Amino acid sequence: MAVAEAEVIAAPPVFAATDYHVATSKDGVALDVKDFNLWYGASQALHGVSMPIQKGVVTALIGPSGCGKSTLLRCMNRMNDLIDNLRIQGTMTLDGRDIYAPNIDVIGLRKRMGMVFQKPNPFPMSIAENVVYPLKVDGVTDKALLAETVERSLRGAALWNEVKDRLKESALGLSGGQQQRLCIARAIAGDPEVLLMDEPCSALDPIATAKIEELIDQLRGQYTIVIVTHNMQQASRVSVNTAFMYLGRLIEYGETKRIFTNPVAKRTQDYITGRFG
Amino acid sequence: MTTNVSVNAPVVVPAAHIRVRSFRSDLSAHGEPFNWALGGALAFGIVLIVGFLLLVFWNGISTFYPKPIEVIRTVDGTSVAGSVRRDEVFRLPTAQLADLPPAQQARIRADDGYVKRRLVQIGNYDLYNEDFRWVSEYQIESVSTPPGLYFIERVEWGPFVGRIKQVSLDGRVVAGEALTPQVLDRAHGEARDRWWRLRDLERGDIGTINHHLDEERLALRRLELRFGQGDPRIAEAARPIQERIGKLQAEYKVVADQVTAVRQADIRNTITLTDVNGREKELPLSGVTRFVAANDLGLFGKLGVYFGRWWEFLADEPREANTEGGVMPAIFGTFVMTLLMVIIVAPFGVITALYLREYAKQGRIVSIVRISVNNLAGVPSIVYGVFGLGFFAYLLGGGIDGLFYPERLPNPTFGTGGILWASLTLALLTVPVVIVATEEALAAVPRSMREGSLACGASKWQTIRNIVLPRAMPGIMTGLILAMARGAGEVAPLMLVGVVKLAPELPIDGFFPFIHLERSFMHLGFHIYDVGFQSRNSEAGKPMVFVTTMLLIGLIFVMNIGAIMIRSRLKRRFAGSQF
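Protein chains in written order, with the working numbering: chain A, 1 to 277; chain B, 1 to 579.
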């Protein structure tokens, strides 16, 4: 049985014929991951992951805990740089430029990618200060521009109507769902190209989750969104493409509709039908 | 997984069921004995601390309350007058016992040779060469508290206990019996005004003139250093300086004449005192700081004296080898030094901790540095004092003197102990506390906050400045509070780097540059040591030890409360940030 498992995992990721636009189309690709390996010390966390991420659509990463989906996501804006003993191999490009090139400006890269974390992490500042934090680190002091950004971002994050009267109050007084939408507002305030979301709803109740999902739906088209989720219903609701990962390997990648109705790999089928994971 | 258990297979039951666990829980499992032990340890600690505070506060608070003056007639016909400090029982040496009359001998022998005696503060040091006297019970004939006795606090020689015989006001003599309190108060007030006027003239006007004269003298010395001794150019350049010196000397003459005039008025107002044995003492009225009619005062009169003494203690300078007067310079010195220490240690410790925690690659070297920093906290503080004296005062201060104050040499300016060097030494002493606390505070900042900031495109430094440091500030403040409490109570190193017994000049005054960090200063902690163990009469200094201790505890308490209030304000900003 162990041998059979290894065979399944070692097989290259499955792309169905209908997924040709995901696999082949070059011009529609925002982020291109090619043969990407990653080690934490001696243990390998990602094994030869290759996936082109389509521009302007929502791509979901699903898989059981510890399968490497968050690790992959955090490699995209080099958040993993903070970890000691990390080693990578392979390439990852954003609009054709290698993210891991030695001369790349990591801060500039992160400015092009907003990120939303698993737990809402507003800063201990006022709501408005939270939203304009990306501009503040750029040294923007133009009050009109800041005010305009606050409104635009909060409207974009569907939070404006709830907080417009208390922008000067501490962001820590907001509810969990509001805090997470504030973090989304903060992520889009810097006008990024890509939005990385690391299980953005896992700490929220169903109503707040529904609001965030609705928001993701509204944001599609403006941003390339990569969302990691544990929740398969969520993946099927919000994403256009879905990648299924297991034990550090990309098992199957394709259109969400097809993955959930007609998966090619047996592991994918087992996972989405709830047989394990 | 491999064994398929058939439904019909017989279930194997062990022959005898052995109970592994007991369902009772014994005493140690309940944990009560540990509760008692822990609670007992806490109670013991609290009792010790409260007992200590009660001792200090009771003695400190009661010190200034006027006590009645008892007149004790002794069997040999003399009298002893004064306030009783305390009673004690002691064993009479047999040689002394043998000298006593047989009846008394028998009584003392019945008490196993023990005798009671009382310590009386008799004052009148100038008459008897002692401030305190032990009076044994068998010497006492009678005890009374007659009216009309005064406890007179003086500028010199300590208190006088006795009566007022007469007051001589500009040649007009008023006898003690005819003296109304109003007349005495007015005459005394005027005399004290003259005394203060004299002090102002000497300290203020003459002090200023001396300061300027000193500057001119230094300017002359600078010229000599620039041109070389005996150079003809000196005379040319020195002419304006000499003119200014001449002008200052003329000013000095005017002030000196004023001083003489006030002095002459002062010595025409004298007071003659007699003690209970009829010995007389004449002194200028201005030499008396306070008359306390100890046996005649009502409650309000006594309270007036009590608060008057407190005010003198807090606002005045020390007298009589620090056993009398006030401790204002010491309060000020302690406060300024502690504040300066915090100002120095805060950036020093925080920057070190920031580097260790945020920038340095965590590894063997950083571990060694961290362990060394922790060990620094265990170095005896006197060693820091020696280091401060050698490195700060002699090396750094000597260097500064050579560079900037060559004209004052060989008199050191910075090259000796001073408040700056003391603050730096204490900062060095307390920096481990700040580093450890700051590192803990930095480590406690959630990773998600840093990641959130970095993901927004902030650089590492921007993240630290905008997110990490504000968030860690309450923890850093805790470290500073601990450092402050430790530094304010430290005495040993200060004795080497700038604390002195008496420093009438405060480190801050009206002369440019207003803050004189090179000056030596007084410190409450050292004051306690000095009064308690280095003064002429430890019995006289004892109450002052308690009062000064109380004051030092109070000062540290107030500074800590201030810092804690700042910290809780900072903390409130982060309320509700936990999930």
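Simulated from the structure, these hints should not be mistaken for laboratory data.
There's no promise every hint is true.
What the hints assert, rightly or not - Here are the simulated EDC-like cross-link-like pairs (lysine to aspartate or glutamate), alpha carbons at most 16 angstroms apart as the crow flies:
no. : chain 1 : residue 1 : chain 2 : residue 2
1   : B       : 361       : A       : 81
2   : B       : 361       : A       : 35
3   : B       : 281       : B       : 451
4   : A       : 119       : B       : 126
Stated by the list, open to error - Computed Cβ-Cβ distance ranges for the label pairs, DEER-style:
no. : chain 1 : residue 1 : chain 2 : residue 2 : range
5   : A       : 143       : B       : 53        : 35 to 41 angstroms
6   : A       : 43        : B       : 444       : 26 to 32 angstroms
7   : A       : 266       : B       : 448       : 33 to 39 angstroms
8   : A       : 143       : B       : 199       : 54 to 60 angstroms
9   : B       : 378       : A       : 87        : 53 to 59 angstroms
10  : B       : 444       : A       : 87        : 53 to 59 angstroms
11  : B       : 444       : A       : 202       : 22 to 28 angstroms
12  : B       : 376       : A       : 97        : 16 to 22 angstroms
13  : A       : 86        : B       : 513       : 53 to 59 angstroms
14  : A       : 40        : B       : 378       : 45 to 51 angstroms
What the hints assert, rightly or not - Covered stretches of chain B (in silico footprint by chain A; criterion: 3 or more residues with CB under 8 angstroms from a CB of chain A, positions within the stretch not fixed):
no. : stretch
15  : 256 to 266
16  : 466 to 475
All figures in this text were calculated on a predicted structure; none of them were measured in a lab.
Cβ coordinates follow ideal geometry from the N, Cα and C atoms, glycine included.
Exercise. Check each numbered hint against the structure and report the violated ones by number, ascending.
Key: Those not satisfied are hints 2, 3, 4, 5, 9, 10, 12, 14, 15.
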